[in-house]
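Trainee: Below, each chain spelled out in residue letters.
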Amino acid sequence: MSAILELENVHAGYGPTSVLHGVSLSVPEGGVVSLLGANGAGKTTTLRAITGGVRWSGDIRFAGRSLRRMSTEEIVRGGIAHVPEGRGICTELTVDENLRLGSHLRRDGAEVRKDYDRVFEYFPVLKERRRLSASTLSGGEQQMLALARALLMRPRLMLLDEPSLGLAPIVVRSIFEIVRSINLTSKVAVLLVEQNARIALDMSSTAYVLEVGRVAVQGAGAELQGNESVRRSYLGY
Amino acid sequence: MQEFLQLVVSGIATGGIFASLALALVLIYNAMGLVNFAQGEMAMLATFVAYSLVNRGMSFWIAFPVTLVLAFGGGIVIQRVVIKPAERAPVLTLVIITLGLATLVNGLAGFIWGYVPRSFPSPFSPDSVDLAGVFISYRDLGVIAVSGLVLLCVYLLLQHTTVGLTLRAAAHHPEASRLLGVQVSWMLALGWGLASAVGAVSGMMVAPILLLEPNMMQTIIIYAFAAAVLGGIESPLGAVVGGLIVGVTVNLAGSYIPGVGGDLQLAVGLGIIVAVLILRPNGLFGRAAVRRV
Numbered sequence: 000m001s002a003i004l005e006l007e008n009v010h011a012g013y014g015p016t017s018v019l020h021g022v023s024l025s026v027p028e029g030g031v032v033s034l035l036g037a038n039g040a041g042k043t044t045t046l047r048a049i050t051g052g053v054r055w056s057g058d059i060r061f062a063g064r065s066l067r068r069m070s071t072e073e074i075v076r077g078g079i080a081h082v083p084e085g086r087g088i089c090t091e092l093t094v095d096e097n098l099r100l101g102s103h104l105r106r107d108g109a110e111v112r113k114d115y116d117r118v119f120e121y122f123p124v125l126k127e128r129r130r131l132s133a134s135t136l137s138g139g140e141q142q143m144l145a146l147a148r149a150l151l152m153r154p155r156l157m158l159l160d161e162p163s164l165g166l167a168p169i170v171v172r173s174i175f176e177i178v179r180s181i182n183l184t185s186k187v188a189v190l191l192v193e194q195n196a197r198i199a200l201d202m203s204s205t206a207y208v209l210e211v212g213r214v215a216v217q218g219a220g221a222e223l224q225g226n227e228s229v230r231r232s233y234l235g236y
Numbered sequence: 000m001q002e003f004l005q006l007v008v009s010g011i012a013t014g015g016i017f018a019s020l021a022l023a024l025v026l027i028y029n030a031m032g033l034v035n036f037a038q039g040e041m042a043m044l045a046t047f048v049a050y051s052l053v054n055r056g057m058s059f060w061i062a063f064p065v066t067l068v069l070a071f072g073g074g075i076v077i078q079r080v081v082i083k084p085a086e087r088a089p090v091l092t093l094v095i096i097t098l099g100l101a102t103l104v105n106g107l108a109g110f111i112w113g114y115v116p117r118s119f120p121s122p123f124s125p126d127s128v129d130l131a132g133v134f135i136s137y138r139d140l141g142v143i144a145v146s147g148l149v150l151l152c153v154y155l156l157l158q159h160t161t162v163g164l165t166l167r168a169a170a171h172h173p174e175a176s177r178l179l180g181v182q183v184s185w186m187l188a189l190g191w192g193l194a195s196a197v198g199a200v201s202g203m204m205v206a207p208i209l210l211l212e213p214n215m216m217q218t219i220i221i222y223a224f225a226a227a228v229l230g231g232i233e234s235p236l237g238a239v240v241g242g243l244i245v246g247v248t249v250n251l252a253g254s255y256i257p258g259v260g261g262d263l264q265l266a267v268g269l270g271i272i273v274a275v276l277i278l279r280p281n282g283l284f285g286r287a288a289v290r291r292v
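Protein sequence lines, in the order shown, are assigned to chains S and P. End of the first sequence sits at 236 in numbering that gives the first Met the number 0; the numbers just go up one at a time, nothing left out. End of the second sequence sits at 292 in numbering that gives the first Met the number 0; the numbers just go up one at a time, nothing left out.
Only chain P is shown next, with the shape it has when bound in the complex (with noise of 0.2 Å):
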């Protein structure tokens, strides 16, 4: 049972991580309809900021926030300079330039800060804590805190605020946003800085407990994918949900079932995916898609 508690707990840990790249993906589905597939290479390269931030002797709890701005505000040059001029293009076309999108960043890194796996210091303490007898890590911990944090944070942005309210109605209804004085091109701008900032937080919880280098997140993408499907892809709380639901199951079957434990661990993800999409293709938050005429 304590082997059990021990490995929810960090599974919802894990959860966290795919929660936070699963989110950004939503973010953008809802703002244009399509997945970016970069998503997880840009976190990388914002981790690799990071990391760049930390080696210069900043603690790592600056480094953090400085990183986040920054992730921004490359999220909205991306959009601005790569996006925009192809955003009336066929879906097709936008998918390939976030594929050509991902291999360029994945490249970039590679060219900068070379293939060679770097560990990246887990800001939190390599202790664990024991509570009635089941023992947690800090750095489960502090992932669970700060993935938690950020994930409250978009959500009082989204939900509460008037740059919340025209975000959601300019990736929904962008025509009747535009005539009610919406500036619908800076908030599918804002939405991609948005999704940046909190892809970088998965990266950069991550990278402690892989090593850093530029193929990092993808297999962790695999499982961001299945936890946004898995909440229906258009959903920000099904892709929180399903993130953790991801997570806890993969860390159950790696230890529980014979064989999983390895390198069929990624395939969990991947049957999640399959699953979903056979058994309910809206997710578990998803609408079907009705339209009234």
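Extracted from the complex, chain S is given alone in its bound form (with noise of 0.2 Å):
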């Protein structure tokens, strides 16, 4: 499998502070991979660089094609979905409103309206509330909200920033049942955050492990979570 996105030697960081000391990873064409490690290990930072929200150097390459002095536009119209932390929902506008804002640069009207049907179909609750503020939905509803706001701009590759955080375990659960399905069905790359190691490795085909900005641990799913010591030392359970 090629891969649709990669990363070389990726050095990152705010103002004279640097965060990722050289990264390398790389997601597979449909593929799920976790980033994982703990707090302030450089895992949000290694998203906002994919999409041009912190000044990097190295190389970071989506489809063949280099992002670098891209900006965080012409990144996201080629086709990356970045859920960020904290969901990005904007509470001024309507759940209407927001999902419009996933779908706006799009041009094909029928395909669009395919991907509303389909987005309503995983999260029945976003199309009850279609007409309330986006600010009365619940935590869970809001990261519903933005995952389907990320499908309907139908991104190649969707980068997502602990979608569990803060959620009840069952609505964990549910959203990351979709997530798998959204990838299978529509061969979505994903390159998934998380603070839940356990629930990650399940999903995916390869995890890196981010200890202070450098990978410490990479390999397949499985293999990471039969690895006793790795699992000690670096997820933590």
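Everything labelled a hint here was simulated from the structure, so no lab data went into it. Heads up, some of the hints might be wrong.
Anything over 12 Å on all C-beta distances counts as not near chain P; from chain S, calculated [stated by the list, open to error]:
| no. | residue |
| --- | --- |
| 1 | Ser17 |
| 2 | Ser25 |
| 3 | Gly52 |
| 4 | Ser56 |
| 5 | Val124 |
| 6 | Arg172 |
| 7 | Arg231 |
Cβ-to-Cβ under 10 Å is the rule here; a few derived chain P residues that face chain S [claimed, not checked]:
| no. | residue |
| --- | --- |
| 8 | Gly56 |
| 9 | Thr161 |
| 10 | His172 |
| 11 | Glu174 |
The calculated label-pair distances, taken between Cβ atoms and stated as ranges, are [unchecked claim]:
| no. | chain 1 | residue 1 | chain 2 | residue 2 | range |
| --- | --- | --- | --- | --- | --- |
| 12 | S | Asp107 | P | Arg79 | 44 to 52 Å |
| 13 | S | Pro15 | P | Lys83 | 23 to 31 Å |
| 14 | P | Gly270 | S | Gly165 | 23 to 31 Å |
| 15 | S | Ser204 | P | Leu91 | 48 to 56 Å |
| 16 | S | Glu210 | P | Glu174 | 53 to 61 Å |
| 17 | P | Leu91 | S | Val124 | 21 to 29 Å |
| 18 | P | Gly32 | S | Phe119 | 29 to 37 Å |
Cβ atoms here follow ideal geometry from the backbone N, Cα and C, with glycine treated the same way.
Assemble the dimeric complex from its two separately framed chains, guided by the hints.
Mentor: In structure tokens form, the structure reads like this:
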């Protein structure tokens, strides 16, 4: 399988503070890769580097093309949907308006309508609340809205930053099931940042564990889960 | 009673003028979190442009849309040239920039057109229509119709078009919007263009009532501030309602409260600002700043 996303020796940081010290990883076309590690290891910064939210050096290639010197808007328009930490919901707008922001650049009307139907099948609650302000949604519903909106961009790659954060375990499970099914039916590749290592490894073909800005361990999801010393030292369960 | 109704109607007309300028203030406040102190001066400059066009023999109803387009373009240019380089600067820096811009535009207009007040032709007939004993001037009705139409257009643009949607998203949530492919920087420029055009409407409507000179908008902007603050500074609808309330209040106070008629009229506007800030700091349509963490 060829890689849709490749990071090669990426260094990045905020002003004088550098956070990533040479991260290399790759996400295969249509694959699910998770990025694990403790707080402050650089997981979020890695995602932000990919969509141009932070200065970086090294190389990042998406679908074979370097993302160097591209603006966030251009990168996103190229087919990467980034659901940021905190979900990035526009709380001033209604649920429907948030969804429309996801599809606003697309010109394939008939396909967009099909995608809306699909999204409402995954998340019926969003259809019920279409006209309400997004600020009235619960945390789990906001996460669903963020995923739905990302899906409506019809991306080739989704970057998900801690989709489980602050959600009840049962909600987390259903959200991950949907992510899995989106990945399988639409062939969207997923790069998943998670604190909840167990649930992330269950669905990932490959996983990388970051430690202070470097890849400390990498391997197949099942392999890392089976390796007790890795589990104890990095994944905390 | 008749006199009262006449005062209310002409108050609504002036209110429409305040509402247009207040809406311009709100559009920019939403886009960058501060009030554009140059808004009134930009409107005055646009009105001088309209004046020059009309003076060259152009009909008012052609000069009007031409001026709006020029004001729109001018707003975008100002944002790109003056505001964008300081985008990441502290709010105070931007406030000083808009104050400087106000002085600059004022001086520029004085330099080109001088400070002698000029009469600006009203496009409406000076006659009045008799509606069941209440005499309402066509000028008031015309101002109400034009302001109402412009405000309606802005409403439709913001609420019912994709551009309006991305404009609102970029103003309130720039980071999240960028990740959805919205070109945030251009949306802010578009906001400036739109505000500049809406403000120009207030200038062109008020110029026939006052006289056209570089300081013409300096009292109007105070009323517009009052209207915007009353409406909750973030709410376009609030700006319009606030504008109408301020217009009618000032008009009634001027006639019924002894002494307010002349110089003290502006104090009514300032009084409204102070009262709102004390009694209801979020205005009529504003919401308390609550953030989910």
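Trainee: Now tell me, hint by hint, if it's right for this structure.
Mentor: Evaluated hints:
no., hint, verdict
1, Ser17, "holds, 21 Å"
2, Ser25, "holds, 22 Å"
3, Gly52, "violated, 8 Å"
4, Ser56, "holds, 21 Å"
5, Val124, "holds, 18 Å"
6, Arg172, "holds, 23 Å"
7, Arg231, "holds, 32 Å"
8, Gly56, "violated, 44 Å"
9, Thr161, "holds, 5 Å"
10, His172, "holds, 5 Å"
11, Glu174, "holds, 7 Å"
12, S:Asp107 - P:Arg79: 44 to 52 Å, "violated, 33 Å"
13, S:Pro15 - P:Lys83: 23 to 31 Å, "holds, 25 Å"
14, P:Gly270 - S:Gly165: 23 to 31 Å, "violated, 46 Å"
15, S:Ser204 - P:Leu91: 48 to 56 Å, "holds, 52 Å"
16, S:Glu210 - P:Glu174: 53 to 61 Å, "violated, 27 Å"
17, P:Leu91 - S:Val124: 21 to 29 Å, "violated, 44 Å"
18, P:Gly32 - S:Phe119: 29 to 37 Å, "holds, 35 Å"
In this structure, the earlier hints numbered 3, 8, 12, 14, 16, 17 are contradicted, and the remaining ones agree with it.
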